[in-house]
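Chemist: Okay, here's what each chain looks like letter by letter:
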Amino acid sequence: MGELADRLDNIRLHVRIPGTEIEADLRDRNNVTISFGDGGYEFLNERNLEHYLATIARLLYVGWVREYRVAIEGTAIVIPEPENQADRDYIAARSEMEVTGASADGRVEISAIGMRDPQVRIARGTVRELSEAEFLTRTKEAVEALTEDYRTKIRALKVRFFT
Amino acid sequence: MSFEDLMAHAQDLQYLAAKHAIDNREAEPEYARNGVDGYYALVIPPLFEPYSKIQDPKVYDPLIGDLRTVMAGLSNGQANADALNSNEVYPANPTLAKITTAGDMMKGWTGEAGMAFKAKFLDPFPMYSRNQYILTAVLKAGLDAHKAMWASARHDIDMIAEGTIHAFDNAGCTNKNDWNVGFTILSSLAAVSAAFLPVAGTAALTATIIAAASQTAAVLPPDIPDAPKEAGGTGEGVTALQIINTMKDGIGKLTSVIQKTEAKISAGLTTLTGNVNPTLFEAPRPAIADTPPGSVTGDKGLGGHE
Numbered sequence: 002m003g004e005l006a007d008r009l010d011n012i013r014l015h016v017r018i019p020g021t022e023i024e025a026d027l028r029d030r031n032n033v034t035i036s037f038g039d040g041g042y043e044f045l046n047e048r049n050l051e052h053y054l055a056t057i058a059r060l061l062y063v064g065w066v067r068e069y070r071v072a073i074e075g076t077a078i079v080i081p082e083p084e085n086q087a088d089r090d091y092i093a094a095r096s097e098m099e100v101t102g103a104s105a106d107g108r109v110e111i112s113a114i115g116m117r118d119p120q121v122r123i124a125r126g127t128v129r130e131l132s133e134a135e136f137l138t139r140t141k142e143a144v145e146a147l148t149e150d151y152r153t154k155i156r157a158l159k160v161r162f163f164t
Numbered sequence: 017m018s019f020e021d022l023m024a025h026a027q028d029l030q031y032l033a034a035k036h037a038i039d040n041r042e043a044e045p046e047y048a049r050n051g052v053d054g055y056y057a058l059v060i061p062p063l064f065e066p067y068s069k070i071q072d073p074k075v076y077d078p079l080i081g082d083l084r085t086v087m088a089g090l091s092n093g094q095a096n097a098d099a100l101n102s103n104e105v106y107p108a109n110p111t112l113a114k115i116t117t118a119g120d121m122m123k124g125w126t127g128e129a130g131m132a133f134k135a136k137f138l139d140p141f142p143m144y145s146r147n148q149y150i151l152t153a154v155l156k157a158g159l160d161a162h163k164a165m166w167a168s169a170r171h172d173i174d175m176i177a178e179g180t181i182h183a184f185d186n187a188g189c190t191n192k193n194d195w196n197v198g199f200t201i202l203s204s205l206a207a208v209s210a211a212f213l214p215v216a217g218t219a220a221l222t223a224t225i226i227a228a229a230s231q232t233a234a235v236l237p238p239d240i241p242d243a244p245k246e247a248g249g250t251g252e253g254v255t256a257l258q259i260i261n262t263m264k265d266g267i268g269k270l271t272s273v274i275q276k277t278e279a280k281i282s283a284g285l286t287t288l289t290g291n292v293n294p295t296l297f298e299a300p301r302p303a304i305a306d307t308p309p310g311s312v313t314g315d316k317g318l319g320g321h322e
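Line by line, the protein sequences are chains A and B. Going by my numbering, the first sequence wraps up at 164, each residue one higher than the last. Going by my numbering, the second sequence wraps up at 322, each residue one higher than the last.
You can take every hint at face value.
Calculated pairs, BS3-like style, for lysine-lysine (alpha carbon to alpha carbon, straight line, at most 30 Å):
hint : chain 1 : residue 1 : chain 2 : residue 2
1    : A       : Lys154    : A       : Lys141
2    : A       : Lys154    : B       : Lys264
3    : B       : Lys35     : A       : Lys141
4    : A       : Lys154    : B       : Lys35
If you only want the chain B side, here are some residues facing chain A, beta carbon under 8 Å, derived:
hint : residue
5    : Phe184
6    : Cys189
7    : Val254
Since the hints were made in silico from the structure, they are not lab data. Idealized CB from N, CA, C, for every residue including glycine.
Looking at chain B on its own, in the form it has when it is part of the complex (with noise of 0.2 Å):
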């Protein structure tokens, strides 16, 4: 079974149910208007084609590896939770060092402009750095949730499907047709709470953020309540309507993670995007950039050189 056939399999699955409803005569109220292959051509198609056409995740890569090359360029080397992705490791880039070069030059420059520029733009350069550096990772994350979701749900439609055809291959033995299929989409729900969790809880954004700003305290984003963790039937399975319906029922369970997944991360991004301050990533233009060639050496310019 593998997602490109997911059409094909709802086809198998019209098949099977009809047949196995045919097989057994069984007689439902549903099939009253179109009989039973009208039914499930009318039920089945409809609760899988939303799902066919779920973009491959494999889209998401070139945006992420764009973010990657940011973060690679702004990071001076910080811890991975930074990075919100343990498993990513951006080393130091040297060339940020020019900076401190720079900051360390102005020192013996005492005009106005000059020690503003050094004050104001050279010494919290880091900090905007780092700011820059934390908030792509943030939205980095946003992608690499949305390509995780995405990846799962394909994933937990098809093990649906083909639980379903595994039941009515297995409706004539002897144990209760019970199938079960646990949904990945709750890992992928797991990494995004992790992912996000760091933005509105612990030191490491909000500290640099709150610090600069005096910002209020980041909000959580709302928890989700008890998401449903798989898709099967107990204590059912006997008739094609039974099966179908847990079925019916499994993908509706889907449905709901994959839209609490989604407000879980447009929580997390709209929590850090509620707390960002566009003076906190870039500094103000420093006063010597408009100073007139004739006076950079004035007491308003660089001044003189110690």
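Next comes chain A alone, as it looks inside the complex (with noise of 0.2 Å):
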């Protein structure tokens, strides 16, 4: 609705895992296309597959959170400085708070503590039963229910502080 709103909205990230043809984009929020490079998905097993999906997901976070700086510049949010106990103890529940968020078959799933130090499960025989695109549709549905789950959190966190 609000220019803020569509400056988010329009906020598109590009990453590349070094040393790898693995690489990954997101746009609307929480839309992610990760692509493998040639034949690259099927020579990976699923213990990789997980090191490389939080790879990923950790320099998503890093370049959100830094293309969201740039967003509210110049707009009048501001990001405080802890004042009083209330802040410090949301900051405080924030670092520690856990997300998570699975494929609807509960093959992939992402959690993560406070959005630091992300952890990828994947079911062992995913690799040998889904193909590629199979495999990145329910990364997606993971990243969807992850952010959802997140956003969830984050408002109960932000009513019990400060309402």
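Quick one: dock chain against chain with the hints and give me the complex.
Modeler: See the structure below:
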């Protein structure tokens, strides 16, 4: 609706895991597209995939925070220093807040505490049983579920500390 | 965002507030009577409506222009401090020198009215014109101050609306939803203080007026205790009601700064006009003007020429 909302919707991120052809794009706040490069997916096992997806999640989160700060520049929004006990309690609770998101079939699950150090769990046999496209759809579902969980829990925390 | 769209922003805010409250299933006692939509329809537009009627500050320009013309006519090249605006320069008007010339020519005439004409009309003329110049400068400062005040008020109310829309846009984000709008109107308030303090405090005007008429010292305009400097919220901004209440509070602060600025302007003008003695601005009618033609050169008139 507002201009800031448009700016946030329009944030585009592109990240690449160093030393690999694995890249990811983010748009519309939580729409993530991953590409493994030619023939990359079939040669990975679940453990490698978990590691790579976690790295992508970390890079995207860092990129998002940076772009968010750019987007609010020139607006009235300020990122405040904590001023009272409620502020400090909120920040502490936020850094311990656990969020998770899983694909509809449960094969891909992403979790993080305070959005730091994301962990990814991929069910064994997934690479053999799912094509690359199917796997990416599942991953997308997990990312959407994660961001939804994050939104809901942040809102609950704010309600708890600031209303 | 722009001021011209202020009421459209008010509608956007109505929509954003209701949507935010409904999306997040916020239940507040305030919504009981008219529902969420009804509550914001009643609360938001009336906050902005008086502001939307603020005239374009350009309406002051022709009046300010007229006073500038008057000042240019009256200027004898005073220091800029007398113009109460350091950005404006009024070169001396050479036509005023005719009075000096006339004074010199009157020196040789010995009659009563001739001497009185020189002493009471021609000699103090520079003081009268200077007083008129200063009075005009003060009136112009009043208009300049009003113009600046309304221009800032239009800017600041627009910023409050924009800040609140941003707060709704930002409501889902991780950070505490803080927004902050610094009032530009404070700079116009400062300008008003700067323009009017000389009237009461410094030598420029008071010296002329007091010396000429033994007036009592001018009274300082009342000072403004701690005007609010900004609108915005800290620690709130989770629910639609909180966001809108922060906005309401900001608009209230802006309104109080406008009232205080207005009080300052009117105090400045009143202080001056309270000290205006008409005899300081206009010479009494010279007796020689009423001397019958037959006795112009008599002892009571111009007398003889040495």
